[in-house]
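Visitor: Residue numbers (the working numbering), protein chains in the order written: chain A, 1 to 313; chain B, 1001 to 1389.
Bear in mind the hints are in silico, worked out from the structure with no lab data behind them.
Heads up, some of the hints might be wrong.
[As the list claims (entries may be wrong)] Label pairs and their in silico Cβ distance ranges:
#1 F229(A) to N1216(B): 31 to 37 angstroms
#2 R63(A) to I1013(B): 48 to 54 angstroms
#3 A1022(B) to P184(A): 24 to 30 angstroms
#4 S1348(B) to F112(A): 51 to 57 angstroms
#5 T1252(B) to K60(A): 51 to 57 angstroms
#6 G1021(B) to L202(A): 24 to 30 angstroms
#7 Q1240(B) to A258(A): 46 to 52 angstroms
#8 G137(A) to G1020(B): 20 to 26 angstroms
#9 L117(A) to T1252(B): 35 to 41 angstroms
#10 A1257(B) to K60(A): 23 to 29 angstroms
#11 K1199(B) to F229(A): 55 to 61 angstroms
For every residue, glycine included, the Cβ atom is placed at its ideal position computed from N, Cα and C.
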Amino acid sequence: MSTAESTEARTRRTPGLVPVAETLSSAERRPAEPVPPLPPARRPWAFWRLLGSELELTFKRPRNLAMLAVVACVPVIVGITLWIVAGDEAMGGLVADVAGNSLMLTFASFSFLVLLLMPITVSVVAGDSIAGEAGAGTLRYLLAAPAGRTRLLAVKYLNAVVYGYAVTAVVALSALVTGLILFPAGPMTLLSGSTVSMAEGLTRILISVGYVGAGMAALAAVAMALSVFTEVPIGAIAGTMVLVIVCQVLRAIPQLSALEPYLLPSRFTSFDAVLRSPIDTGALMSGLVTFGAYITLSLTIAWAHFSGKDITA
Amino acid sequence: MRKGTFMRWGVPIAAAAVIGGALGAGPVIAAVSGDPVLPERSAQQLLADAAAATGKSEGPPPMSGTVQQTASLGLPALPQTGGSSPLALLSGSHEVKVWYGGQDKVRVAMPTQLAETNLIVNGDQAWYWDSSSNTATRVKLPQGGERPGSLATHRPEDLTPQAAAEKMLAQVGEHTVISVSNTAEVAGRPAYQLVLKPKAEGSLVQEVRLALDGENYMPLRVQVFAKGSAEPAFQIGYTQVTFTPPAAENFTFTPPAGAKVEEQDFAAHKREMGGEQQERAKEAARDVKVVGEGWTSVAVLPGSLSDLTGKKADGATPGGEESRFGGRDGADPAALLDSVLKSATPVSGEWGSGKLITTKLATALLTDDGRLLVGAVTPEEITKAAGVK
């Protein structure tokens, strides 16, 4: 079983004439053929192997690497810009904070990137996950394995989550390195006006990476849900981006402010709770609960549609 | 439709139901667990207890919590002003965090997107920290137990339910029907709810609800309902509150390195400003005439378009939060005025003609013969008042 699967993972990009067209309807027409249960010890092993091969494909794909490079460039550009204008006395707020401490560049970069660029990268990978396979005609080979659909969905989602965290970590690292080169290191001033040591500042960066990454995971779930409904990957990707942009527009309308706490993108920026003293755990928790709700709803929708879908491509 | 489709789609539907249930969990849990049981009290008993609790020399118990203020006054869309500007409080929802350790230990923080303003009072000095301008202002408070209330007229401290409740308590009188319920719940705590209903027909205020904590009678929430709307037009209350002394580091403040530090001597400032303000207040008081009484009182002040901006702040009206925040220290009163005047409708009658501005809670009439009438009354009432010379 595991041998078959790994061979398949390696060769599934080559279209062939293998007549594997087991759709659900064909499976239901002959239900008498019981699938031999897998040895329980090997099952998780196969799952992780599939995830490993999936991750390898994701992180070897030039497109995905290029997106990582682009998001890594943004903190550098922001840092250099702030470094040039930092001498200007009139600048206040975030610019002054960043100029005063290297760690603040991470938060400044996040505040720019979570609005659009990071959601784009995540929705490209997550929106492509199922629709891309369907569009390229490789989905049916992936599904040849028994009990494959739920597992495939899980693997594809975890893959997108890992990519989302990779994007977040790349932004944080790039901002940290740029900040440490351009700006003075040392104790960090919080938004509340109190000062914490550099070690605690780094801890707070770690917390914000965890939070922003969770937000990207929630967006990946939404993109995934759209991805199972189409065979055109660009449709799922564009659909997710339209949702993000519509949410940003809705947030800007004051009359609809009652809606704001329920919109996913409005929670992305709550990472600034770690910059307060004491840390505003309430805001972080309610954000995580929102992410959890979006993940649950999107993934169950994706599962309900995908597990009953006729795979024709 | 294939067999099993319903089963599969049952999963996301169940998930949606659970999430929807969780969103409305507050009321559901309250309904299941039954109303919080508090001993019955008459309005008088409750008012006396509340007055005792708020008027006690040692003040309310140490606590910390989150205060949320929501206003939907039905004003035309306001131009976006800064997050901490008093004008911004006129529409939308705002949140401040409060830490209260005693009379001389108060911290009020107003968190906004990647910025925060803080007012920290500790002993005889106060710090006002604004992260967006990177400025810390040190204010020396006068000795002798005077609360720094007047300093913070337009600061976030304005938002504490105590201040709002004291205002409401002052309004209680012969013009009001008072009732008490003991089943309210605010911020997870059982509370008494004092309902004040104006007797007068012409008032725009449907009722004012004041929630007092069941244990220590601290005001937890004030809601003002306008006639004909189920949602409160103005609401301020705790969304989360704990009655334990907050950590001491909340009340210490050291200006961070690199911040601008400004000094202000409050006593001197007050002497300087006080005289001038008193002059102005006296002058304004001479000009203001009040027509009607109780909930339907209408303030009549001389005003034309040009000096409206300055005068508007003086027309304090019952329930008219608008005039309390508007005008005086507003970031851009002119912009607000412009957008409000655009929505004004021209009216005329036996009393003359003018421009009528209506919101859910207050009506203002700017007559062509140079008078400004403001009140929490219906347009009919205000034109009636305009007829009284």
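Visitor: Measuring from beta carbon to beta carbon, are G1021(B) and L202(A) in 24 to 30 angstroms?
Guide: Violated, at about 40 angstroms.
Visitor: Are L117(A) and T1252(B) spaced within 35 to 41 angstroms by their CB atoms?
Guide: holds (39 angstroms)
Visitor: Given the range 23 to 29 angstroms, decide if the beta-carbon distance of A1257(B) to K60(A) lies inside it.
Guide: violated (46 angstroms)
Visitor: Taking 31 to 37 angstroms as the stated bounds, is the beta-carbon spacing between F229(A) and N1216(B) within them?
Guide: violated (55 angstroms)
Visitor: A range of 55 to 61 angstroms was offered for this pair. Does it hold for the Cβ distance of K1199(B) and F229(A)?
Guide: Between K1199(B) and F229(A), where Cβ atoms are some 60 angstroms apart, the hint holds.
Visitor: Return holds or violated for the Cβ distance of T1252(B) and K60(A) against the range 51 to 57 angstroms.
Guide: holds (53 angstroms)
Visitor: Within 48 to 54 angstroms or not, the Cβ separation of R63(A) and I1013(B)?
Guide: Since R63(A) and I1013(B) have Cβ atoms about 36 angstroms apart, the given range 48 to 54 angstroms is violated.
Visitor: If I claimed the Cβ atoms of G137(A) and G1020(B) lie 20 to 26 angstroms apart, would that claim hold in this structure?
Guide: With Cβ atoms ~39 angstroms apart, the hint is violated.
Visitor: Could you say whether the range 24 to 30 angstroms given as a hint is met by the Cβ separation of A1022(B) and P184(A)?
Guide: violated (46 angstroms)
Visitor: Confirm or reject the claim that Q1240(B) and A258(A) have a C-beta distance inside 46 to 52 angstroms.
Guide: violated (19 angstroms)
Visitor: Taking the Cβ atom of S1348(B) and the Cβ atom of F112(A), is their distance within the range 51 to 57 angstroms?
Guide: The hint (51 to 57 angstroms, Cβ to Cβ) holds, given that S1348(B) and F112(A) are roughly 54 angstroms apart.
In terms of the numbered hints stated before, the structure departs from hints 1, 2, 3, 6, 7, 8 and 10, listed from lowest to highest.
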